Amino acid sequence: MDIAAEPAVHMSGIVKEFPGIRALDGAGLRLNPGEAHALLGENGAGKSTLIKVLTGVHRPDAGHISIAGNPTDIAGPLDAERNGIATVYQEVNLCPNLSVAENVLLGREPRGLLGIASRRMNRRAAELAAEMELDLDVTRALGEYPIAVQQLVSILRAIDLDARVLVLDEPTSSLDRGEVRMLFDLVERLRSRGVAILFVTHFLDQVYELCQRMTVLRNGHLVGEFTTAELGQRELIGHMLGEQAGELERLEESTHVDGPPQDTAPLLRARELGRSGAIEPYDLDVAQGQTVGLAGLLGSGRTEAARLLFGADRPETGTVEVDGRPVTPRTPRAAIAAGLAYCSEDRKAEGLVAGLSVADNLLLAMQAARGWMRPISAKARSELVEHYIAALRIRPAAPETPVGTLSGGNQQKVLLGRWLIMQPRLLILDEPTRGIDVGAKAEVQRLVALQSQEGTAVLFISSELEEVLRLSHTVVVLRDRRVVNTLDNTASLDVDRVLAEIAEGGPR
Amino acid sequence: MRAAQLRRLVWPLLVLAGLLVANLVATPGFFEVRIQGGRLYGSLIDILHFGAPLLLISLGMTLVIALRGIDLSVGAVVAVSGALACTIIASSADPGSVQTAAIAVAVALGASALLGLWNGFLVAVLQIQPIVATLILMVAGRGVAQLITGGQITTVNSEPYRQIAAGSLATVPVTVLLAAATVLLMWLLVRRTALGLLIEAIGGNAEAGRLAGIRATGLTVAAYTFCGLCAGLAGIIISANTGSADGNNAGLWIELDAILAVVIGGTLLTGGRFSIVGTVLGALIVQTLSTTVYTMGVPPESAQVFKALVVFLVCLLQSPRFRAQLVAPFRRGKTSHEPPAPSEPPPQDEESDVSPTGTSAGAPDRREVQR
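Protein sequences, first through last, are from chains F and Z. In this text, residue positions in the first sequence follow UniProt numbering: the first is 1, and each later residue adds one. In this text, residue positions in the second sequence follow UniProt numbering: the first is 1, and each later residue adds one.
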């Protein structure tokens, strides 16, 4: 009996067609027990579809799947669970109103004479949590915990299922560094018990941190299998993008900024702006054509600071001046009138209206500013929409497509376009490149650099420090809901220095 | 988009056509229209005439539902409006005059708009859930109507008031003209301005709309006010039709028919995109169904069951999953080498393939729009 020789999962020649699209065309995957394996590719490469075939959401049109050496036909999600395949999705799909224990054991609750034996259930869940060294009160409602913990709970659920294969679909995109650490520790512990981990992510650094091997897909094809030890990040991106890789490098070079612009009067001046529980009162100056980056961990108050400026949340203290004129933004509407624009980090919940078309979404802010009595004429509408679809390279270039059907990167571009149409004086971008593929990311960065060159002030928020450093003239560092330092982006400033500031800079 | 919008109307249109043809088969003279005393008569005219109040209410309900709300109080507003108008006429010194009728109508409409405003205030300003907020008036409104009429059925003897229901202009019944004018007015107001877009944006994603700078409060209050006004007009037509105001039974359960009409017309209960033409078709379907029950001689005790069956069928036809099942065998037969028609949407969005397909009964197929 040679267990090690049998892969935990072997998929080969998988074909899956949707009307008009061949999503998978000979894709495959070999997953060994006890390894962490990354599944990589651009948006649209077929990662999600392949995972859905593995987890039984989609039935493949052709191809072979074997689990632990046995050819298997996965009939549905339940069947996948029965075959020992558990999945943790990016958006937690548990019930926030139920307790942690109920979520962990949902569908498999221990039963007593009078229905569910809740004491036994709580004990079992607490044991699992302790085993994984998680400090949880399993009787509390899941919704009371942050997203990171909720994700860990869904992994606990997988452990209780005695899963042999754990699929992690973009689990880290809403976690901060500490939380990612927690998740990775848990994954390591599972791996050491022989569980095969399949990890899908946009964060290549995390791939190299966690995984031993990786599979790259492009346009539904299998590009190849590599080990993280022998393939560097540059080459990996080359495999993911194919021939587009050279262009990316070029874009990256052209978008680099060198230093702060010449001294100009500040366009925006915020003083003592704050709101309890969100962010301590802070000062901020942004000049015309200047890009200010906000650096800090998730939860450090980056988003909260931006929301106060835009009036998305009401400031409790402080003042804001634009061009020396006081405008204390109480509503987004007032901020927009003052020339501000804000791309939310959560483009699905706070940015786009999924059911409306690309054109309607692009023009929404402009139409709102004009008021309902003055509709944008059909001519102006089609001109504006065509111009911005072309300028932002939105694909598909179909103005009347519902925006919800676009890929993440293209959705982000539509949201960005909505605010570029307004020709704002200050553009606030909260994580504009999160969850989008490498090519789209470079394009968004290029657009931000272009805006700044044209004289728009930009407030740029991102978890990726390289990106912040590449685009910003000035970096504002936040920690624990307070601004701790402001650094000029000179040649001596690098990621390590900013990390040090995030970790221990400024007043404690 | 135009093609996609038209496609969404295909099923309601087919259902309506099917119902009419079924009627024609059962009653050969069903399509006959004749002029009698300067007014059109016939089964088709009856559908339009008796369907006018439902259509009016459905129009108002469309905007409210597009804003992810619901208005359960429209039936009660119908009762209040009718009660007010009839009581004013009955207690006036000159009940037969045009002036009295005009005052009665104006007061009734004004009061209905105020009731709608109240709903809007509860929903938009006090942020009470729409179903609860309008439930208040649904219950209270009937009580108010009872108080106005003193618990009696108030009958009026005003020829001008009766003419609202019985009269005609160039042979077309006034009721039909009123409904048609409201449809046109609403279409101009909503689609020729940016009102429709802003409503769809707020209904589709309220937070996104707020951050884009839309003033949702005003829009929401306006929509509920419009809904109240429509219900008020419907109440006047209903009471003019019988020449009486019945606080207990006027417009009873009409809110449910209106919601049904909106949903059959393809507007999702989850808010967002709405279709005025769809609602018109929906209201006509519901009304035709009521007429069919009579013309086909369905016994009154099974009439409701019959109606429910047809509605169930309509909802089935609108379910994307059911339709895929329905056409699958034919498709397979035609192109035997192709893989079977999948029932999943194409994976356009890599990060979250949780497609926001509507789950309500009348969900139009978003996938159609994608292609």
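Do not take every clue at face value.
[Claimed, not checked] Pairs of lysine to any residue, SDA-like flavour, derived with a Cα cap of 25 Å:
#1 F:K348 to Z:T270
#2 F:K348 to Z:M138
#3 F:K348 to Z:A206
#4 F:K348 to Z:R68
#5 F:K348 to Z:T217
#6 F:K348 to Z:L188
#7 F:K348 to Z:W187
#8 F:K379 to Z:T193
#9 Z:K307 to Z:T217
#10 F:K348 to F:K379
#11 Z:K307 to Z:A328
#12 F:K348 to F:D162
#13 F:K348 to F:L384
#14 Z:K307 to Z:P320
#15 F:K379 to Z:L269
#16 Z:K307 to Z:S43
#17 Z:K307 to Z:M138
#18 F:K348 to F:R333
#19 F:K379 to Z:L6
#20 F:K379 to Z:M138
#21 F:K348 to Z:L189
#22 F:K379 to Z:L189
#23 F:K348 to Z:K307
#24 F:K379 to Z:P320
#25 F:K348 to F:E400
#26 F:K348 to Z:S275
#27 F:K379 to Z:W187
#28 Z:K307 to Z:L24
#29 Z:K307 to Z:L19
#30 Z:K307 to Z:W253
By construction, these hints were calculated from the structure, which means they are not laboratory data. Bear in mind that the values here come from a model prediction, so they are computed numbers and not experimental data.
Cross-check of the supplied hints:
1. F:K348 to Z:T270: Holds - the C-alpha atoms of T270 (chain Z) and K348 (chain F) are around 16 Å apart, at most 25 Å.
2. F:K348 to Z:M138: violated, 35 Å
3. F:K348 to Z:A206: With a Cα-Cα distance of about 12 Å, the restraint between K348 (chain F) and A206 (chain Z) holds, given a limit of 25 Å.
4. F:K348 to Z:R68: The hint holds at about 17 Å.
5. F:K348 to Z:T217: Holds - the C-alpha atoms of T217 (chain Z) and K348 (chain F) are around 22 Å apart, at most 25 Å.
6. F:K348 to Z:L188: Judged against 25 Å, a Cα distance of about 31 Å means the pair is violated.
7. F:K348 to Z:W187: Status violated; Cα separation ~30 Å.
8. F:K379 to Z:T193: holds, 15 Å
9. Z:K307 to Z:T217: Since the Cα atoms of K307 (chain Z) and T217 (chain Z) sit roughly 38 Å apart, the hinted pair is violated (cutoff 25 Å).
10. F:K348 to F:K379: violated, 29 Å
11. Z:K307 to Z:A328: Distance ~28 Å between K307 (chain Z) and A328 (chain Z) Cα, so the pair is violated.
12. F:K348 to F:D162: Roughly 34 Å between the alpha carbons, so the hint for K348 (chain F) and D162 (chain F) is violated.
13. F:K348 to F:L384: Judged against 25 Å, a Cα distance of about 23 Å means the pair holds.
14. Z:K307 to Z:P320: holds, 22 Å
15. F:K379 to Z:L269: violated, 33 Å
16. Z:K307 to Z:S43: Measuring from Cα to Cα gives roughly 18 Å; hence the hint holds.
17. Z:K307 to Z:M138: holds, 24 Å
18. F:K348 to F:R333: Given pair K348 (chain F), R333 (chain F) holds - Cα atoms ~20 Å apart, limit 25 Å.
19. F:K379 to Z:L6: holds, 23 Å
20. F:K379 to Z:M138: violated, 45 Å
21. F:K348 to Z:L189: With a Cα-Cα distance of about 29 Å, the restraint between K348 (chain F) and L189 (chain Z) is violated, given a limit of 25 Å.
22. F:K379 to Z:L189: Holds. K379 (chain F) to L189 (chain Z) sits at ~20 Å (cutoff 25 Å).
23. F:K348 to Z:K307: At roughly 40 Å apart (the allowed maximum being 25 Å), K307 (chain Z) and K348 (chain F) break the hint.
24. F:K379 to Z:P320: violated, 35 Å
25. F:K348 to F:E400: holds, 18 Å
26. F:K348 to Z:S275: holds, 24 Å
27. F:K379 to Z:W187: holds, 21 Å
28. Z:K307 to Z:L24: Measuring from Cα to Cα gives roughly 18 Å; hence the hint holds.
29. Z:K307 to Z:L19: Between K307 (chain Z) and L19 (chain Z) the Cα gap is close to 12 Å, so the pair holds against 25 Å.
30. Z:K307 to Z:W253: It holds: about 14 Å lies between the C-alpha atoms, which stays within 25 Å.
The structure does not agree with the numbered hints 2, 6, 7, 9, 10, 11, 12, 15, 20, 21, 23, 24 stated previously, though it agrees with the rest.
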